[in-house]
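These are the residues of each chain, in order.
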Amino acid sequence: MLPDQLDVKVTSQPLHGSGVLRFVRECPPYRWAAGLCSVFGIQSRSLTVAVPYLWLLAFFLAPFLIVFKLSFSEILIAMPPYAPLYEMAEDGYLQITLHLENYSLLFQDDLYWKSYVSSLEIAIVSTMLTLMVGFPIAYGMARAPRPWRLPLMMMVILPFWTSFLIRVYAWIGILKPEGFLNMFLTWLGVIDEPLIILHTNIAVYIGIVYSYLPFMILPLYANLEKMDISLLEAAADLGCTPFKAFWKITFPLAMPGIIAGCFLVFIPAVGEFVIPDLLGGSSTLMIGKTLWAEFFNNRDWPLSSAVAVVLLLLLVVPIVWFQRLQAKREAQLN
Amino acid sequence: MMISKWSWFNKTSIIVGFSFLYIPILLLVLYSFNESRLVTVWGGFSTKWYGSLLQNEGILGAATVTLKVAAMASTMATILGTMAGFSMSRFGRFRGRTLFNGMIYAPLVMPEVITGLSLLLMFVAISLDRGMWTITLAHTTFAMCYVAVVVQSRLTSFDRSIEEAAMDLGCTPLKTFFVITLPVIMPAVASGWLLSFTLSLDDLVIASFTTGPGATTLPMKIYSMVRLGVTPEINAISTILIGIVAVGVVITSVLHKRREAQRAKDEMLASSAP
Amino acid sequence: MAEASSQARKVWAPWNEPGAKPFVRIEGVTKKFGSFVAVDNISLDIYEREFYSLLGPSGCGKTTLLRMLAGFEMPSTGRIIIDGEDMSTVPPHKRPVNMMFQSYALFPHMTVEQNIAFGLKQDHLPKADIAERVERMINLVQLNKFAKRKPEQLSGGQKQRVALARSLAKKPKILLLDEPLGALDKKLREETQFELMNIQEKLGVTFIIVTHDQEEAMTVSSRIAVMNHGCVEQVATPSEIYEYPNSRLVAQFIGDVNIMESRIAEVLPDRARLNVVGIDAPVQTGRSVNAAPGEIAWVAIRPEKMVVSLTPPADTSVNCLSGVVWDIGYLGKLSVFHVRLEDKSIVTVAQTNRKRETERTITWEDKVYVTWSPDAAVVLLA
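Protein chains in written order, with the working numbering: chain A, 1 to 334; chain B, 1 to 274; chain C, 1 to 382.
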């Protein structure tokens, strides 16, 4: 009697365990994925496209259309703080009221159009500065002894993995009037009075160059590293000075890398918020900062939507241009 | 090979360049161990700011929220992004392909303020309660595009004949993906996950737009502290975050080294074989 | 022993038996990629236990045809029937054929054993059966010492054998081989050719092989289909292809050949007479020609079937050309003479170096006679 009962107890425990194990082993992901597909009567292939597709439609395209819609409506003191765009009129017609005030305001109030212009200006200047700082570094890396190259590249990528906010914050301590830079320069005897850099556009330039430097170096390095050194030797052999060889051979061949690097710096710089907010001053106008202020401080959702739409239109031009260029280069390569 | 020598110019530009990249970070780390409350004046070595950090419930709470969001968002982004990357590289021209490609690449160049604003407006429009979940959805959306690009570029250099071999040996296409393709591209998928995780940890702007009451992420917390002024506590948090990244990098490079050594051994084995 | 098996081979020719049922039927198959026609209306019959080669230059459509047999491409038109079943729309994982890939396509994350077991696991065979079969395959390709290694730890030749074992493990009705020896060096390739033939004979599986290497095709095949621009030029046994090519293209693709444009002078039931255009040399052949006198045809003669000599032969009126030695290539086992004829065209003659001699009896600028027997010449109409 007793042994029988014991047997049951002893065997039931491991059976339970192995049952779970067996279930896991016999139902690998492809099996339940296939089961799921057959339940809904769809092919796994179409599911693979459909899921990310629908996700992006819902969380990327739809939100953007809402921004677009909202940019035509009126501000209300309510929650949510905007008036509906269309109403059912009494006679059953759909009445749509498009308010263009938001857009006309953008062009009338010089705060906005100056923000756009100054954003572009800051982005262009800092892109050029990043190129000037990044090119020698990328060039030096590409000409470094081979075993050095991978570690150097890792070191360029490394800061990218650390927090952007922290890297910007680090510069506050350096640039402020009693900061490290001024202490160092005073100690050298170069200056008597602290330089005012923090809360000026110069600090914004430094911040952008510092934050986006990896984006410039990586494409440049990839491009320069591929370059055949014997080209320079051939140029020297044909009587070209090293300086001239740089401008006539290296620079033109590095052009695709330069364009890619500038694009990668310029595009995010235009819409930048954190850098102008933390390093820039009250006179630093950048559109990302203006949008943020309009949204969080003035709570004018329709107007900030209009600001976003116009900002996107500004960015579409360089993006499309860059895409065309890439497509053309690819077509040439094939 | 005269030019391939490392000239003084190249050396100088590398030294100056890397100093520019690393000195701010080093100063930040160094002054987190400063006794003095004044961030730029050295008052002796101390770890007291780390101690006070551990008592700060606001920061610990924010760190928990951030880690939760990052873990969930990066996992979802990896699944969705892998599907998207696979569709882009394998399914040729399907209907709506151009729009799909556009939606994958657009978030990469979209200013964060716009992404954040648009997502918030949608959450309001469908009256979704804002908080940790809305941040997770937002992070998933933009991180999946990065994963898709990483996975797609891995798949373009993928030898498709091994998939064909699996199907030829009787494996269905779906199973082939899980037992052949996925294990082989796993390093790319893993680095996609890591990238998503970092992007999510790092994000201030999108999280600020899409958050709701009660959900404060670490970057939001740091940002509000920074706005009030530079304090040694921020240096301490920053040092911890940098330390985590540094440890991660050291581990991956050790693993990489080991793999390289293994590969060298394999090659020896292969070449010594008859 | 070798004699006996070659004797057996000669008798075994199902393609000549009127009642034999083909194992694989390719019926009017065309494959288009956009406007490009990769395979153009091909029909072939392949019999059980054959070692069938698809031979042609790269881009001739041979790989596309093979991929359609495996199921990776669907024919635009036409049908593929394997063992009586229409396979045209069956996906690859449901076909009774296996393929050995040019790149070997070994799964990099699995060991040799796991690679070979992969196909068997898909059929959900019992574990013991799988283990036993894997062991047999490993023995067959002599990889016992390497069973636990990953593909990265193997040399090219070993990878090739793993790929072979993996594709044979499921006992397919047909094995498709895409340039199976293309990645090996010359010496290993020659050894492996014979190994492949042995394995094929031992297992009795039908092999269909794609190759651009004509020597390889000649060595291993029961029959060869010569392809060009998506069309099949000729299907025949290796010796038939070599000795009786049906066009200039086939003749030139397989081995070296002298081709002389000629005008047909006389057609008789057992022979034909032609005149080489330009030098007006009469040629007599050992077979009749299916053409009328006055038409243009091409006389093809293999270099090794010609004889070069300093003294004129007994009969200079037919199958004899005279010229000057223009170039000599000494290749060890044979010497190649380039003889320049009156009309400045060059004829290549290969002669076996039977005697050991360091001083050449025939040298540059010598006036020589080139002769051949009537059997040596083939008349091509295309």
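Calculated directly from the structure, the hints in this document are not laboratory data. One or more of the hints may lead you astray.
Claimed, not checked - Think about it this way: if two alpha-carbon atoms lie no more than 25 Å apart in a straight line, the pair counts; the simulated DSS-like pairs of lysine-lysine are:
id: 1; chain 1: C; residue 1: K121; chain 2: B; residue 2: K257
id: 2; chain 1: C; residue 1: K145; chain 2: C; residue 2: K173
id: 3; chain 1: C; residue 1: K355; chain 2: B; residue 2: K265
To be verified - Label pairs and their calculated CB-CB ranges:
id: 4; chain 1: B; residue 1: S19; chain 2: A; residue 2: D192; range: 38 to 46 Å
id: 5; chain 1: A; residue 1: R299; chain 2: B; residue 2: I15; range: 24 to 32 Å
id: 6; chain 1: C; residue 1: K21; chain 2: A; residue 2: K226; range: 57 to 65 Å
id: 7; chain 1: C; residue 1: D40; chain 2: B; residue 2: F94; range: 28 to 36 Å
id: 8; chain 1: C; residue 1: E240; chain 2: B; residue 2: H256; range: 54 to 62 Å
id: 9; chain 1: A; residue 1: P252; chain 2: B; residue 2: I15; range: 47 to 55 Å
Even glycine gets a Cβ: it sits at the ideal position worked out from N, Cα and C.
These are the hints, each one checked on the structure:
1. C:K121 - B:K257: violated (35 Å)
2. C:K145 - C:K173: Violated, at about 29 Å.
3. C:K355 - B:K265: violated (52 Å)
4. B:S19 - A:D192: 38 to 46 Å: violated (26 Å)
5. A:R299 - B:I15: 24 to 32 Å: violated (50 Å)
6. C:K21 - A:K226: 57 to 65 Å: holds (58 Å)
7. C:D40 - B:F94: 28 to 36 Å: About 29 Å separates the Cβ atoms of C:D40 and B:F94, which means 28 to 36 Å holds.
8. C:E240 - B:H256: 54 to 62 Å: holds (58 Å)
9. A:P252 - B:I15: 47 to 55 Å: At 28 Å between Cβs, range violated.
The structure does not agree with the numbered hints 1, 2, 3, 4, 5, 9 stated previously, though it agrees with the rest.
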